[in-house]
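Student: Sequence:
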Amino acid sequence: GWPRCIQINESPEHIWQYLDTELIMVGGPKVVLKQMTECMKANRLAPPEGRGDWVQKVQQMQKESDARLQARALKYKDHKPVHHGWLCKTLWDTCEELYGGLNRIIVDGYTISGFIPPFPKARYSAQIMDASEQAGVGHGIGMAIGAALGDPEVRKHPVISLMGDAGMGNAGFDIETALRYELPIVYVVTNNDGWLTGMKYHYYGRNWEVLGPQDRRTGQAFLPDIRYEKLSEVFGCHGEYVKGPSEFRPALERALRAAEGGKTAVVNVIVDPTLINPVTYGFAYAACWGHIPWDELPKRGKAIRRSYHFMLPWDEAGVPPVPEPDPWEPLGQEEMMP
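Just so we're aligned, residue 122 is where the sequence shown starts under our numbering, counting upward by one.
The set of hints was computed from the structure by calculation and includes no laboratory data.
In silico lysine to aspartate or glutamate, EDC-like type, Cα no more than 20 Å apart, as pairs:
1. Lys151 / Glu131
2. Lys198 / Glu368
3. Lys384 / Glu374
4. Lys364 / Glu450
5. Lys201 / Asp447
Whole structure, please, built from the sequences with the hints as guidance.
Tutor: In structure tokens:
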């Protein structure tokens, strides 16, 4: 079961009921931890034997994990269209260097939501927000507006909202509200031409072959290369269009400077459409496409099903084990076909 714990949170609503909790403290974690440290010193309380070694080990593990993450993103620094992992690394590096990592980050786009979490290093409560269990699409427009209105120092570190093109379709015109109130927000649109576009290449084929000719036109794809930044420029926003990895940081910096001056910005980034949220590489999501006959699945879809539905009688069917696919690795042309 869960180990006994002490819960510290600024809101009683965020106290987790399922944990074996020894003590609950409602307050700012930074303040409470400082008080606890002062109490330990005043009462000459010492940590358990071996705790120092354990802390050093955890710190070393964290450093190694960060190094692996950075190296993983660097692998795709020249990949075109832009890789989500490289975009996330570049975005947070920019925030650290220009603003000391104080920007609020709103997460909306589905695919980007699977790549961004390990990159930002939060300095304060509610710095990184998404729709949580509401699983919204388009919430990033309004949440960024609320975050900007609620932060009196927001011009010193503009809000960045990570949008997908689906969210822009649902709520994008509310960017006019942000501009009308001169809010320092940069909306970064990860444009992959549709809703959960990666599933097309993983499960339906490059041209929706699995759907058959009668349904192929109903595949979930938008018009290609929609220019969201130009739509926003009509309102008066600052717009940037990014097609290659080397273009992203300069475009982001220009957008942030415009936002500091009260001009809401939109950075439209053409990202690799074959990538999909890494959470889909698992048992539950593989089951969602379990209705597709094995022989019709593209090769990457086969690898996912074989890897995560390992309890099926694969040996009897003559299907050998395959290496577990890497969700960060873009699909080659061969992997999009049965």
